[in-house]
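Protein sequences appear in the order of chains A and B.
Quick note: the first sequence uses my numbering, first residue 1, plus one each step.
Quick note: the second sequence uses my numbering, first residue 254, plus one each step.
All clues given are correct.
A short, non-exhaustive set of chain B residues, derived as facing chain A with CB atoms under 7 angstroms: (1) Ala323; (2) Leu324; (3) Thr327; (4) Tyr328; (5) Ser330; (6) Arg376; (7) Phe384; (8) Gln387.
Derived SDA-like pairs: lysine to any residue, alpha-carbon spacing no greater than 20 angstroms straight-line: (9) A:Lys27 x B:Glu256; (10) A:Lys253 x A:Asn181; (11) A:Lys63 x B:Asp260.
Because the hints were derived from the structure by calculation, they are not lab data.
Only a predicted model underlies this, so the values are computations on that prediction, with no experimental measurement involved.
Built from N, CA and C at the ideal position, the CB exists for glycine as well.
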Amino acid sequence: MLPAKSMFAKSYHLSQEAIALYVDALKLSKIDQLPEELLIHVADCERCKTEITELFSLLDEQKYSREEVHPYFDKGVGEKTRRSWQAYRIAAILALGIGFGAIFYYLAVVKVEQSTMIPAQASKRDEVSKEGTSVAEKKPERAEQPAKELFAGNFIESPNLEDLVNNELRSSEIQVLSPLNGAVVGKRLQFEWRGDSKGPFVLQLLTNTDKVLVSRTVSEPRLVLGIQLTPGLYYWKLESAGELSYVGKFFVK
Amino acid sequence: MTENDKDVELLRTNPQQLIVKYQIMVEIIAKKYVASGMFAASDLDDVVQSVNESLLTKLPAVQRLYNGTALLKTYLSGIIRNVCLKLYHRNMQGVKTVQLDESIHSDPDGLTDTQLIDHAVSRFRVIIDLFHSQKPRLLFCLKLYFRVPIAVQDIRSLYPQCTSTDLGRFLGPFRGNYERMNEYEIYETVTPIMNKYEGKSNSADALRKWTNSKIQEIILILNGNPPRFNFDKETLQILVEDHFSPFLEKQ
Chain A
1 MLPAKSMFAK
11 SYHLSQEAIA
21 LYVDALKLSK
31 IDQLPEELLI
41 HVADCERCKT
51 EITELFSLLD
61 EQKYSREEVH
71 PYFDKGVGEK
81 TRRSWQAYRI
91 AAILALGIGF
101 GAIFYYLAVV
111 KVEQSTMIPA
121 QASKRDEVSK
131 EGTSVAEKKP
141 ERAEQPAKEL
151 FAGNFIESPN
161 LEDLVNNELR
171 SSEIQVLSPL
181 NGAVVGKRLQ
191 FEWRGDSKGP
201 FVLQLLTNTD
211 KVLVSRTVSE
221 PRLVLGIQLT
231 PGLYYWKLES
241 AGELSYVGKF
251 FVK
Chain B
254 MTENDKDVEL
264 LRTNPQQLIV
274 KYQIMVEIIA
284 KKYVASGMFA
294 ASDLDDVVQS
304 VNESLLTKLP
314 AVQRLYNGTA
324 LLKTYLSGII
334 RNVCLKLYHR
344 NMQGVKTVQL
354 DESIHSDPDG
364 LTDTQLIDHA
374 VSRFRVIIDL
384 FHSQKPRLLF
394 CLKLYFRVPI
404 AVQDIRSLYP
414 QCTSTDLGRF
424 LGPFRGNYER
434 MNEYEIYETV
444 TPIMNKYEGK
454 SNSADALRKW
464 TNSKIQEIIL
474 ILNGNPPRFN
484 FDKETLQILV
494 EDHFSPFLEK
504 Q
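Extracted from the complex, chain B is given alone in its bound form (with noise of 0.2 angstroms):
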């Protein structure tokens, strides 16, 4: 019997005994939100309490809804977030909302500076991957954006039947440092090759939307729901270089 068949056992046999078995998860949760502002570290106690208590009435929801896809303790979580994010907007009034950088100095649970940005590129390769097929046009985009050197790794996980004469044009300007190089220059340069190899004939411009848009949505889901974070474009770029670097060719 796996744990999580154990955890689906006791949901049906003996469900409170479950919340006394996950009420770790509800602390770990719990804390997380106080670290990043949403509650007030003296409210903790009453959080967790909180949770519990929502948690107790919507077993027999989570009887009759939870249908073993995902694993119980995910499933879990995610319940238990939401409470926590019902609970934070119920209180809002009442709640200081603490810059990043202040929680992290005043709050001994807090994140420090190398698990934040571990955290932070944690999330941000986590984002990259939601966008699926969308991935490696939305790595190019984001290289040509912040000025990353392309490699012809980049082209050959895009566009693998990409010929040599073309692997050419699209290396040659964009291989080395191109940071002089506007936007316009750039997305006039690979739009029409990219239009070869996708079937489309999109313009230049609207590939420049296209690349503004996400970088505006990867943004947005970096800062998180509620915004707990502050990136920004400049930071973001830090994440694209990390992300990045092990494909930095050697000029």
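So here's chain A without its partners, still in its complex pose (with noise of 0.2 angstroms):
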């Protein structure tokens, strides 16, 4: 919509574009559509009066369709159904993206996290005996809270140290006095055992994981430590002269 003040002459009287303008408003009887600064003045001037008066009365037998659009009174019609037409394209923008977004979120988050979940019976290797070559691999079934599967997981078996424990080592001639392979320790944790061998021994102790919780290098046969162990299986590594000797396990309750 152009401003009041562009439908003013240089002459400070209407333009000859803005006394149209009136004429049309006449015509269709949409005064109280034109500016509020239009009507004041002419409602003052006698000149613009006149001008208006004498255009009017011109066109006097012309029609002017009210069902026509106008440029001017009819322009925000135009907009406001242009405007209409963007939102709804917006809204069905919108909608789709959201749909689709939808669509992906439950194919891609709530059906992954359905495939991931693991069934109550594992799928296991075949187990071999105490003497066998190889070693059954259990998976345990995962527990329906994060802290129990983590507490079962402590004593799961290591592949590679139970390879370790079950096979015979070059020190045939160790006898581990305690703890006994297998055996439920207390809080006082005591290896000792006795062989030809003098020493220095490595002594490592492991989790089931394999990692290295101690190691000590001791000159007698045996060694006290004086650590608390999170109930799980462990594992512990005897060395000497450089070659490895025992490996045992344990469990801590």
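With the hints as a guide, bring both chains together as one complex.
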């Protein structure tokens, strides 16, 4: 919409087009839609009133249809129509976007979560006897709660170390006095053995995930560790003269 | 595409064709000015030809100045009118101004009495509308000036917040026939009440002068530019009474 100022000529009276616009307003009964400045000026200006009246009289018998869109009075209608179409388009795009987003979320997140759920019966490899060449792998059931899962995991056997536990090593002359294989130990952790070897010995304490918790070099065939272990399965290695002499395991409950 | 859109497109692409399209409008306006006495009837063709030649030279200016606010047909009509006026002023010496009543009988394209009256009524109503916010006050003062009985609607449209007491004060002396009241009495009665609702302190004489100046203005505009009619206060009274006839209360 043009500003009202542009409707005035340099003479401070209505421009030719503003006079035509006023006549349009009279013909279409839309005076109230004219700019207030225009109306106020004309109300007080004899010259502009005369021009408008003269032009109106010339067009007295001309029909002006209110159905036809006027470039000034119905400009808002056209714009509103255009704006509402734009709004519909934006709404449609948003709706499509939300729809696709929801589908994507369902497929990508919900479906994946369902597929990663481990079934109650885990898959197993064939279990071999104690003298056997392979070790059975057991995959524990996934606990419903993460805390339970973690606790159970502490007791999972280490495939590497289990092999060593079950195999006879060079040091068949070493006789372990404490802890016995598979024993459940208390708070006091005492390692003791006897054998032909004089020492020094390297003793390592490991978790079931092969993580070395303690590594000590001792000259005597015993070691007492004053550490508090969380419940789980643990392994210990004994080396002498650079060679692995013994691998054992015990439980802490 | 509206009719106006087509005209605008024609103005841009083929303005000469636009003039051809509006030949009818050129002839209608030229005939009206011939009928009003601005031009002799025998000069009609010359007037049309001169207008067309002038329009052709003005086309570049029209293309530049028209900004699409008003309908192009109205805008062009205004330009055609201005061209006719210039032509009239240029040829004034050679043109006899014919009295309105003579032109009616001598020119077959002129207006009949009924058409003249309708035309005058239409012009008067347009002029009153052009006063915009002053219209209710103007109509009230015109009624008082021409001693037309005042109706409740007159006061309500002028002062919607008017109390029933003041309504009675307005209507009391002016409801019926008050032709015997002089100007002084009339304005002395209404001015205090009008000042109350307008928040002003005008004198009765100021209201009288204002009313007279508006009447003069209306008559001037009714008579046209250039003056083609002979309206005066008497003929204006007829128009005012005709305008208010639906509002006159039965006595």
